[in-house]
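Participant: Here is how the chains run, residue by residue.
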Amino acid sequence: MRVTQSMLSNNMLLNLNNSFGKMSKLQNQINSGSKITRPSDDPVIAVKGMGYRRDLGQVEQYTRNMNEVNNWIDTTDESLNQVGEQMKRVRELVIQAANDTNTPDERAKIKKEIDQIRQHIQDVGNTKIADRYIFSGTNTSKPLFVEATPPNADGNKIINADYELYDGTGVPSASSDKLNAPKGDVEIEVYDGIQMKVNTPGAELFGNIDALMDKVSNLLDPERVSGPATSEEISEALGGFTTDSKSDDITNIHNKILEAQAEVGARQNRVELMENRLSLREINVTKQMSNNEDVDYAKAITEMVTSESIHQAALSVGAKIIQQTLVDFIR
Amino acid sequence: MRSTFMGLEASKRGLFTQQTALYTTGHNISNANTLGYSRQRVNMQATQGFPQAGLNQPNYPGHLGTGVEAGSIQRIRDEFVDRQFRQETNKLGYWESRSNAISQMEDIMDEPSQYGLNAALEQFWKGLQDVSTNPENAASRKVAISRADHLAESFRYMDKQLKTIQGNLGNEINVATDRINSLLKQIAAINKQVQEVEPNGHVPNDLYDARDVLIDELNNYIPVSIKRVASGGNASAVAEGSLTVVFKPYGTDKEIELVNGRDFASIEVNGTVADSSGSKQINGNDLSNVFSSIQISGLGTTESITYDQLEPGKGKMLSLIDSYGYDSASGPKGYYVETLADLNKLAAEFAKAFNDMHKQGYDLSGGQNGIDFFTTDSGPITAGNIKVNDEILKDPSKLAASGAANEEGNGKWALELANLQSKSQANLDGATFNSFYQGMIGKLGTDGEEAYRLNMTSEKLLVTLSGNRASASSVSLDEEMTNMITFQQAYNANARMITVVDETLDKIINGMGRVGL
Chain A
1 MRVTQSMLSN NMLLNLNNSF GKMSKLQNQI NSGSKITRPS DDPVIAVKGM
51 GYRRDLGQVE QYTRNMNEVN NWIDTTDESL NQVGEQMKRV RELVIQAAND
101 TNTPDERAKI KKEIDQIRQH IQDVGNTKIA DRYIFSGTNT SKPLFVEATP
151 PNADGNKIIN ADYELYDGTG VPSASSDKLN APKGDVEIEV YDGIQMKVNT
201 PGAELFGNID ALMDKVSNLL DPERVSGPAT SEEISEALGG FTTDSKSDDI
251 TNIHNKILEA QAEVGARQNR VELMENRLSL REINVTKQMS NNEDVDYAKA
301 ITEMVTSESI HQAALSVGAK IIQQTLVDFI R
Chain B
1 MRSTFMGLEA SKRGLFTQQT ALYTTGHNIS NANTLGYSRQ RVNMQATQGF
51 PQAGLNQPNY PGHLGTGVEA GSIQRIRDEF VDRQFRQETN KLGYWESRSN
101 AISQMEDIMD EPSQYGLNAA LEQFWKGLQD VSTNPENAAS RKVAISRADH
151 LAESFRYMDK QLKTIQGNLG NEINVATDRI NSLLKQIAAI NKQVQEVEPN
201 GHVPNDLYDA RDVLIDELNN YIPVSIKRVA SGGNASAVAE GSLTVVFKPY
251 GTDKEIELVN GRDFASIEVN GTVADSSGSK QINGNDLSNV FSSIQISGLG
301 TTESITYDQL EPGKGKMLSL IDSYGYDSAS GPKGYYVETL ADLNKLAAEF
351 AKAFNDMHKQ GYDLSGGQNG IDFFTTDSGP ITAGNIKVND EILKDPSKLA
401 ASGAANEEGN GKWALELANL QSKSQANLDG ATFNSFYQGM IGKLGTDGEE
451 AYRLNMTSEK LLVTLSGNRA SASSVSLDEE MTNMITFQQA YNANARMITV
501 VDETLDKIIN GMGRVGL
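Going down the list, the sequences are from chains A and B.
According to our numbering, the first sequence is numbered sequentially starting from 1.
According to our numbering, the second sequence is numbered sequentially starting from 1.
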């Protein structure tokens with residue numbers, strides 16, 4: 001076959017072009033850290049990559065949701081814990097007050113402390129996370145306790161009229177919207193299709209506590225309408241004498257608080273399990289995504305170096321071939 | 001009896017012929033880098049010997065040579081390689097243009113990345129999840145709504161960009177049509193010149209070269225075949241004649257002449273819709289004007305070539321038509337047309353499913369507002385006009401995030417909306433929104449891969465073929481240098497011969513008859 005200069009130079013140009021193309025692709029891979037820059041580089045990787053991105057996005061979102069869950073549950077736990085502590089103090093005070101050795105004056109002093117505790121528990125019932133009342137069910141913009149109009153002289157708030165305080169007798173009825181609403185569950189999705197209840201609807205619990213506190217405070221009031229309470233009457237408020245779990249005495253209420261705390265604690269355990277699961281999933285998806293589309297640097301750089309040396313060889317050989325023609329030798 | 005000066009004449013012929021060869025060598029060297037140039041060769045032949053046959057021929061022993069003449073100057077060309085080259089060049093024309101069109105689409109889709117439609121969808125679902133965890137928070141609602149706005153904008157942007165490129169492709173069809181017409185005209189013009197000079201015995205090699213370049217380029221656009229028509233008169237044996245350029249509709253035996261001698265046809269690439277001036281020529285201004293036929297007129301009857309009569313995978317023109325869009329029995333088809341249709345389908349189904357779901361939720365004021373989340377200014381929702389309802393943009397509380405009346409802290413409906421992402425849609429062949437779009441990208445990727453690979457293959461094949469062609473036709477400087485020395489030495493030798501004859505004549509003329517002087 002006849003070979004001419006123009007064939008040589010065309011071939012050389014073509015080969016240089018090819019090796020530039022190869023190097024440019026490798027350079028792209030090394031710079032971006034990704035095997036592909038457009039779908040046609042490898043359609044399978046591209047489509048799988050989109051799927052993994054979606055999975056990873058979901059896991060990220062669930063992790064974010066999980067922070068919210070923790071916020072709710074930790075705050076609820078902390079609040080209920082405080083209420084429990086306060087109830088212990090109430091029990092002590094009532095035991096102390098039940099002694100008939102107390103003068104009405106001393107009982108009035110104890111009542112003052114009880115009143116303070118009542119107000120504190122009301123405040124706890126109005127606990128907020130970023131402007132949301134956590135014990136108000138799904139009606140998170142309405143507090144459980146509101147200022148009475150006109151305000152009570154003793155500073156006590158009254159239960160929000162929207163909630164029609166559950167009076168402790170009978171079962172709360174779902175037929176009334178007002179009772180139904182504050183019981184609503186706030187749920188947050190923490191995994192594909194798994195929604196976790198994060199709130200503890202407090203209208204009933206805090207309503208019962210407030211009714212009890214009102215009763216105790218009334219018993220200790222020296223100016224009670226039906227006359228000063230006897231020690232029996234006071235100690236009855238302590239409870240534990242009957243097995244009637246519905247009666248609103250201190251023991252029963254305390255048990256209810258403990259129940260609520262136990263439920264929150266159980267949820268905390270579940271949250272921890274879910275968090276582990278999420279972080280495992282994140283690691284897995286990230287790994288899969290990386291296997292799918294991340295460049296193997298050792299391989300890419302080795303190939304790059306190989307291409308570079310081939311390119312240089314092509315250049316120097318080309319330079320030698322192209323500059324020489326017969327013209328250089330005939331004078 | 002030979003003439004006295006016959007030796008001088010014979011050598012003079014040698015001088016002239018070698019000079020011709022030397023000048024042709026010079027011409028070859030000058031054109032070493034000319035596109036389409038084929039090296040030329042002087043066909044030397046011995047002149048008629050002495051004596052010639054005749055009644056009164058001198059009786060003479062043997063047949064005395066009388067020197068050399070340049071019989072013809074011929075270009076060196078391998079017609080078979082030319083044919084192969086042209087068959088391959090229309091494949092390259094097709095795949096080059098197609099990979100170009102797909103590459104532009106890939107640039108717009110921009111996947112996989114953090115910026116494409118996939119990411120916009122993803123962000124929107126995440127925004128809704130955030131609303132579900134903070135339903136009473138105006139900020140989280142605003143974020144979700146502005147992400148919806150961004151999503152709608154992504155749809156509109158892609159639609160607009162794809163249409164812009166589709167328009168460019170239409171315009172390219174117009175430009176290619178002009179180019180084809182210009183090529184036909186130039187080929188006919190060269191034919192005319194060839195027809196004029198060949199009967200006089202001339203061989204216009206450089207015109208042949210120029211004509212071959214034009215035919216190569218024409219084949220890049222549409223597959224054509226050529227036939228030779230020899231010139232009459234005193235045409236040389238190596239003359240190539242005028243070329244008839246023929247287009248054969250695919251699947252038929254018909255032959256449509258595009259160029260015949262000095263006459264040429266003109267083509268028009270027509271769409272389905274006539275513009276205000278009545279022309280149907282595709283120019284990319286009206287995207288609904290998809291390809292319907294190529295009209296070939298000017299040589300006899302007007303012929304109409306439909307899409308089915310264009311051979312698949314051949315020629316840039318067909319590739320442009322495939323990308324831009326063409327009319328078929330089942331409505332407009334074509335790469336951009338179909339991708340835009342898919343995008344519209346996705347946008348419409350997405351908006352519909354989302355709106356239907358959204359209407360069942362309760363907004364922050366506690367009731368069902370029943371308004372559409374995604375709307376348009378007019379007409380049905382498409383990728384080009386989808387937008388977020390202004391009412392919702394103005395008042396984020398209208399986003400129906402709650403699953404029950406009067407529950408501001410209830411984010412269940414936002415969650416339902418967010419979970420639409422994993423619901424399969426009957427109207428999208430059972431795919432989810434994300435997977436439908438992933439399918440689009442997957443198709444784009446495989447089509448792109450195919451186009452790039454075939455482009456590469458035909459490029460490589462073409463390189464081999466142009467190597468073969470160059471092997472026959474291109475100028476080798478070394479060869480020309482060798483020839484130069486050969487011809488120069490031959491010239492010198494002829495000159496020396498003249499000196500020898502001169503000396504012999506000198507002996508006779510000046511040295512004879514002077515005995516004793």
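The set of hints was computed from the structure by calculation and includes no laboratory data.
Predicted, not measured: the structure shown is a model, and the values here were computed from it.
Some clues are possibly wrong.
Said to hold, decoys possible - Using 27 Å as the maximum straight-line C-alpha spacing, the simulated DSSO-like pairs for lysine-lysine come out as follows:
| id | chain 1 | residue 1 | chain 2 | residue 2 |
| --- | --- | --- | --- | --- |
| 1 | B | 142 | A | 35 |
| 2 | A | 25 | B | 227 |
| 3 | B | 443 | A | 22 |
| 4 | B | 142 | A | 128 |
| 5 | A | 112 | A | 25 |
| 6 | B | 460 | A | 197 |
| 7 | A | 25 | A | 287 |
| 8 | B | 443 | A | 197 |
| 9 | B | 142 | B | 460 |
| 10 | B | 460 | A | 320 |
| 11 | A | 142 | B | 460 |
| 12 | A | 287 | B | 443 |
| 13 | A | 48 | B | 443 |
As the list claims (entries may be wrong) - To give an idea of the interface, some chain B residues facing chain A are shown, with a C-beta separation under 8 Å as derived from the structure:
| id | residue |
| --- | --- |
| 14 | 136 |
| 15 | 139 |
| 16 | 410 |
| 17 | 438 |
| 18 | 470 |
| 19 | 475 |
| 20 | 476 |
| 21 | 508 |
| 22 | 512 |
Heads up, the beta-carbon is just placed ideally off N, CA and C, and yes, glycines get one too.
Participant: Any hints from earlier that this structure breaks? Give me their numbers in increasing order, please.
Facilitator: Violated hints (numbers, rising): 1, 2, 5, 6, 8, 9, 11, 15, 21, 22; every other hint is consistent with the structure.
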